[in-house]
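Peer 1: Once you've looked at the hints, go ahead and assemble the two chains, each given alone in its own frame, into the complex.
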Amino acid sequence: MKLITCPLNGPRPLLEFVCGGEVRAMPDPDTSSDGVWTAWLLNRNSVARVRREWWCHTPSGYWFIAERDTASDDFLKTYDAADAVGAGA
Amino acid sequence: MPRRLLKFAVNSWLGRRHPEPRMFRAPERLKAGYEVVIIGGGGHGLAAAYYLARDHGIRDVVVIERGYLAGGNTARNTTIIRANYLTPEGVKFYDASMKLWRELSAELDFNLFYSPRGHLTLAHSDADLRTARWRAEVNKHFGVDSEVVDAGFVKKRVPEINLHCGGLTPIVGALYHAPGAIARHDAVAWGYARGADQLGVEIHQDTEVLGIDVVGGAVTGVRTSRGHIATKRVLCAVAGRTPAILEMIGLDSPLAIHPLQAMVSEPLKPWLDPIIVSSSLHAYVSQSARGELVMGASLDPHELHSTRSTLDFAEGLAANMLNLFPFLSEVKVNRQWAGMADMTPDFTPIMGVTPCEGFFLDAGWGTWGFKATPISGKTMSHTVATGANHPLIESFSLARFARLELTGEKGAAAVGH
Numbered sequence: 001m002k003l004i005t006c007p008l009n010g011p012r013p014l015l016e017f018v019c020g021g022e023v024r025a026m027p028d029p030d031t032s033s034d035g036v037w038t039a040w041l042l043n044r045n046s047v048a049r050v051r052r053e054w055w056c057h058t059p060s061g062y063w064f065i066a067e068r069d070t071a072s073d074d075f076l077k078t079y080d081a082a083d084a085v086g087a088g089a
Numbered sequence: 001m002p003r004r005l006l007k008f009a010v011n012s013w014l015g016r017r018h019p020e021p022r023m024f025r026a027p028e029r030l031k032a033g034y035e036v037v038i039i040g041g042g043g044h045g046l047a048a049a050y051y052l053a054r055d056h057g058i059r060d061v062v063v064i065e066r067g068y069l070a071g072g073n074t075a076r077n078t079t080i081i082r083a084n085y086l087t088p089e090g091v092k093f094y095d096a097s098m099k100l101w102r103e104l105s106a107e108l109d110f111n112l113f114y115s116p117r118g119h120l121t122l123a124h125s126d127a128d129l130r131t132a133r134w135r136a137e138v139n140k141h142f143g144v145d146s147e148v149v150d151a152g153f154v155k156k157r158v159p160e161i162n163l164h165c166g167g168l169t170p171i172v173g174a175l176y177h178a179p180g181a182i183a184r185h186d187a188v189a190w191g192y193a194r195g196a197d198q199l200g201v202e203i204h205q206d207t208e209v210l211g212i213d214v215v216g217g218a219v220t221g222v223r224t225s226r227g228h229i230a231t232k233r234v235l236c237a238v239a240g241r242t243p244a245i246l247e248m249i250g251l252d253s254p255l256a257i258h259p260l261q262a263m264v265s266e267p268l269k270p271w272l273d274p275i276i277v278s279s280s281l282h283a284y285v286s287q288s289a290r291g292e293l294v295m296g297a298s299l300d301p302h303e304l305h306s307t308r309s310t311l312d313f314a315e316g317l318a319a320n321m322l323n324l325f326p327f328l329s330e331v332k333v334n335r336q337w338a339g340m341a342d343m344t345p346d347f348t349p350i351m352g353v354t355p356c357e358g359f360f361l362d363a364g365w366g367t368w369g370f371k372a373t374p375i376s377g378k379t380m381s382h383t384v385a386t387g388a389n390h391p392l393i394e395s396f397s398l399a400r401f402a403r404l405e406l407t408g409e410k411g412a413a414a415v416g417h
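Residue numbers (the numbering used here), protein chains in the order written: chain U, 1 to 89; chain D, 1 to 417.
Each hint should be verified, as a subset may be incorrect.
What the hints assert, rightly or not - Derived lysine to aspartate or glutamate pairs resembling DMTMM-like cross-links, with alpha carbons at most 20 Å apart:
#1 U:K2 to D:D300
#2 D:K232 to D:D60
#3 U:K2 to D:E315
#4 U:K2 to U:E53
#5 D:K31 to D:D213
#6 U:K2 to D:D312
#7 U:K77 to U:E67
#8 D:K92 to D:E147
#9 D:K140 to D:D95
As the list claims (entries may be wrong) - Only part of the chain U face toward chain D is listed, based on derived beta-carbon distances under 7 Å:
#10 M1
#11 C19
#12 T38
#13 L42
#14 N43
#15 R44
#16 S46
#17 V47
#18 A48
#19 T70
#20 A71
#21 D73
These are calculated hints, taken from the structure and not from any lab test.
Since the model is a prediction, treat every value here as computed from it, not as a measurement.
Quick reminder that beta carbons are idealized off the backbone N, C-alpha and C, glycines included.
Next up, chain D with everything else stripped away, as it sits in the complex (with noise of 0.2 Å):
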């Protein structure tokens, strides 16, 4: 028996304490007061905490979470990472993410499973071809990997794909993006988590937001289910929650909260290495590291704040598979879940500073969350430090919508466009 399992069964014997560390600590109680509060334990929230203390040198920080720890999207989403998008402010924001990907588990310390397997949008038309023609100079043009496909470029990659696609949608093409990749999603908080701990950030999970303290259109404090703190600055991130987080200052914003579902197959041994979407079928799918397909589809189309799932949402999102992919047929699928998506008009976040002075916001982050996480922290957390948006966010401001600056993000997924 290894010498490490001996000292867990002896000390578990004994009835001593857990030896190993924790990823972080779990303090007590909240201090009086913090120089930054962040609302939302979950990916975003705690890669600004991290990056605030690495970066900037601000370590009197706190991130608070209602729930666990990255239990809301950060575990909800379909983990694709990608920077193909339409517009010039998406495709530099997201490409300046995926540099950050790239290196986080040596950043980190920690295996995130970042795996580039290539992603392929699929054309059934014309249609689709011109859009993918249009994304792929865009893309060119800011120095992103990305390439208009044949459908036998297609076929050799994924030998398993019905090209004839049921017979309605034959596959035409693609658009292609080769650094397309996925990671394990729990992996990125905790190792945010657990970086951020390790440069002094508290974390606190279980602690809810009853109100925010506004006085002279100012931030002066946030109260919680587990006592007062008073801060000048803080940062919300919190997807689904946050129009109730900005009915507390009187804010309004477009947000609508929509489910997003997805479902998960029994585990298959390696089969399907790139990242599959088709916009006209609604449906995406990659192979995890374990080896379950993860698949989801577009948005539930009324506004609902519930993390139910449905069965029509999987008999519809099984059949556009069985039309990709006949033999899953005999595949089960495991489970299926969903998250609450903060969406926006224009399928762009809302990011910056706000009218309120010391509230930063971090939302619409609708179905392109996940990806974003690394550029969001760390221009979120540039903003909460200087006070001024970073330059990759300005067009991504709440106030764009009084201007009716709107970006029109057409490449997000899981959107019908």
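One chain only, chain U, in its complex shape (with noise of 0.2 Å):
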């Protein structure tokens, strides 16, 4: 099975992890419009390219950023969310 390297873990297997989806800046819910709110509600840019996602290793409930390529599947990095400059947490 695949490993992925956890910054918290270490190496460990896929089935540990579930991907919490790119990471977004939100919009401010109380001053955007409603069209601009439903877009980021609904919207993905699904794309292949490389982009920073929130993983999730399931056993420890550890929440981090990983740098992956969407089309070959490879983990280019991950780090801690608190190392993210401007990671929209």
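Peer 2: Dropping the structure here:
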């Protein structure tokens, strides 16, 4: 099974992880229009590319950031969310 | 030796070209312009081309395909045809498709191996039975043959099934959909391709879209790897490649691409008549015309633009298959593959007009596209010809997301709910 390097637990099998989707900046719900809010809620950018994603190591309940190529499934980098500058967290 | 065979041999010996006509022409170059450009030479695109020419008299149509004909999800699905969905919109749409399927071999004068088998959605719990009852009632209301049956019925239709199912998830009943069928996927695409070609449609393989020209909010042309095409109408039917095409014209969508894997066993003598589906076990199986067991499971859990296969998938699916049919432990897996499913948040397609004038979308086919091939061709050709959505696809529009009018089709296969 594919191994993912968890920043907290080291290399662990893929089965122990779930993907939380792309790291995106949330618009301010109080000031954004309905259109902007709905677009953020539903629309996704699923073009194949390297992108930053939220991942969770489920047995330890630890969320972190992974840079993954969605064409090759290569995990280029994984790091703690606190190390992500402007992660929208 | 039959005379025809002799003719082939002599021609081949003389170095002549194959004397039989091909399924469709292969024009050497693209024309400078077409009335309609269809991106994607899969079942949906070819069906739309066929009905545009046949029903709407629009024959100046080109189908452009990046790879080879029907090499995408048309070749990668598990060919199950059914109409026992959950929402009124879904049931009406897929039932209209089934009516077309029944006549399709005769219509295209091509044997599609269309084979009504009966479709059993197994229930392993009271919750499963409740969903089955719900679906059956919605189906019956719209005239679709669908009923809840008990475990004895399942055993009678499939004597080889293990109702005990490994002990943890015994089978307590099923949703039975008698018209459920399978068909030969390649034949569907080739049949439509030949039909469209005979009506004047051009098919160009190995032709990739590089860009779409939009002036003043309306389509004016398509740039391809084999030259520019001027056109005012483009139909996009490219499943997993849809986000890349939408990016070219700056349209957003909720599509997310996930691989959907499947595998087949070595050929066996016919023993499995109905199509068996278990949402709880995330497994479905049918026996194809050539005896292979065609098996599928749920989507890969994270987004990926790749048709790679994984051992994890084969192991997980095999384990569930053995719970249903323990005797398969001696049977080998022949092939394994994946397709790229374009998933929507409500398990319903995205069809029809878009904010970009002249750009029509046939996407969001996730795990439910093959069975919709005829009706999607029919309704999209109407939409392209008239510029207005066909009534059957009104609730499938891209605009539904902005209005938060999602459909919630939980009768879709290969999705956990």
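Peer 1: What hints, given by number in increasing order, does this structure fail?
Peer 2: none
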